[in-house]
Amino acid sequence: MIDNLIYERKNGFSDIDEKKKERIFDFCEEYRLAITKAKTEREFCSMGIQLLEEAGFEVLDGKKALQPGDRVYYVNRGKGLCAFVVGTEPITSGVNIVGAHIDSPRLDLKPQPLYEDNGIAFLKTHYYGGIRKYQWYNIPLSLHGVVVKKDGTAIDISIGENDEDPIFCITDLLPHLASKYGTMKVSEAFDAEKLNVIVGNIVCSEAEKEKVKYGVLKLLNEKYGICEADFMSSELELVPAFAARDLGFDRSMISGYGHDDRVCAYTALRAITSTGKPSKTAVCLLVDKEEIGSMGNTGMQSRNFENVLAKVCSLCMGSYNELMLRECLSNSACLSADVGAAYDPNFPEVYERNNSPYLNEGLLLTKYTGARGKSGSSDASAEFVARIRNIFEENGILWQSGELGKTDIGGGGTIAQFVANLDVDTIDCGVALLGMHSPNEVAGKFDIYMAYKGYKAFMNS
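One gets the working numbering by counting positions in the sequence shown from 1 and adding 14 to each.
In case anyone wonders, no lab produced these hints; they're calculated from the structure.
Accuracy of the hints is not assured; some may be wrong.
[To be verified] Computed Cβ-Cβ distance ranges for the label pairs, DEER-style:
#1 107 with 264: 41 to 49 angstroms
#2 409 with 102: 15 to 23 angstroms
#3 408 with 202: 49 to 57 angstroms
#4 73 with 264: 51 to 59 angstroms
The structure displayed is predicted, hence computed values, not measured ones.
Every residue, glycine too, gets a C-beta built ideally from N, C-alpha and C.
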């Protein structure tokens with residue numbers, strides 16, 4: 015028999031000892047606590063800064079020069095993060111980037127959200143990213159974000175996470191009255207303009223009209239010093255109020271909100287904090303706005319990463335010209351660290367079995383994303399895929415390949431195409447999920463740990 019002639023899948027837990035299993039579970043417990051605490055891009059960015067500083071990273075701004083082994087980071091408007099460990103090779107030889115996004119599908123408040131209808135106060139929402147709207151009804155929601163007053167004072171908001179906090183919810187119609195909606199298409203039965211969140215019901219006697227709305231505003235003013243106009247200069251998000259939890263009798267999975275894409279962002283952060291002095295400069299790039307096309311100055315389509323990398327090039331080389339940055343990018347490599355869709359036996363009709371990833375079968379390599387004819391995909395070269403395979407196998411990283419559903423059914427986008435557009439070899443590489451984009455996604459613990467190990471091996475390659 016010829017060894018390794020046939021590619022065989024296997025569950026990662028099938029041949030590990032108790033010691034390794036304990037390491038996996040301990041790492042995943044730290045991750046579980048992290049995503050329970052950091053549910054928005056701003057919160058995750060703040061947590062990331064803390065992790066980096068604990069590992070000896072310093073702020074890039076103010077540095078006069080960078081030497082091999084230096085550890086620095088840059089914050090993009092409180093919603094993006096870029097960390098570097100300077101390598102021993104000249105930076106023009108390229109950098110090894112692990113790039114993930116830290117935004118997740120959610121409900122954002124509209125600029126003028128608060129209104130009253132028949133004695134109930136509501137907040138109007140505008141959903142962010144691809145959601146199935148019905149999944150957001152009748153679940154506990156918490157409110158997170160920042161309100162910036164006209165004088166520039168920023169007020170952090172987090173309501174609904176502590177046991178003593180109130181929560182919020184969107185009510186659905188009872189089955190007794192929903193017969194008409196049961197025969198409608200899901201897209202028609204659940205109207206985005208009905209994703210209105212209940213926030214109050216007590217009448218405030220001192221108001222002349224909209225007495226419940228006035229009472230809510232009065233409470234907000236007393237606690238936070240804000241008024242209704244301040245909603246215009248706020249970023250407030252409604253997210254699930256429950257904690258991430260172990261899933262299954264064997265605790266082999268984690269169920270929670272925001273695995274997409276904080277499971278990759280967290281493991282990338284942990285990988286760079288445990289990177290020593292690599293040959294090529296290691297980069298952990300965490301961006302915003304992926305769920306809505308990577309637009310804006312905190313998204314991957316921004317010039318922000320190029321600007322930061324140009325500064326790092328100049329500090330490493332002692333001088334700067336445009337060619338230096340272009341040479342660095344052209345010689346660089348990137349793992350676009352994003353999640354994939356694990357095969358779900360409850361819905362086999364939308365998956366192609368041979369080219370689907372499976373829970374706890376290793377770190378997922380996705381050669382191309384896009385949709386129908388690979389539209390919107392960077393499609394990694396065979397040479398680059400072989401290089402990544404070799405890194406993983408030399409370092410004992412169990413990996414698998416996969417696509418996002420059947421050809422004419424599935425598809426999606428990541429930051430890969432935008433990194434590749436900078437002339438960087440790029441491939442998607444992340445954790446396969448069940449229930450992606452729902453308020454309660456599922457990730458396998460073995461895959462989470464393989465992501466950490468795989469990203470670390472790549473950064474040190």
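Here's how the hints hold up against the structure:
1. 107 with 264: 41 to 49 angstroms: Cβ of residue 107 to Cβ of residue 264: about 45 angstroms, so the range 41 to 49 angstroms holds.
2. 409 with 102: 15 to 23 angstroms: Cβ of residue 409 to Cβ of residue 102: about 19 angstroms, so the range 15 to 23 angstroms holds.
3. 408 with 202: 49 to 57 angstroms: Given a distance of about 53 angstroms, which is inside 49 to 57 angstroms, the answer is holds.
4. 73 with 264: 51 to 59 angstroms: violated, 43 angstroms
Checked against the numbered hints above, the structure violates only hint 4.
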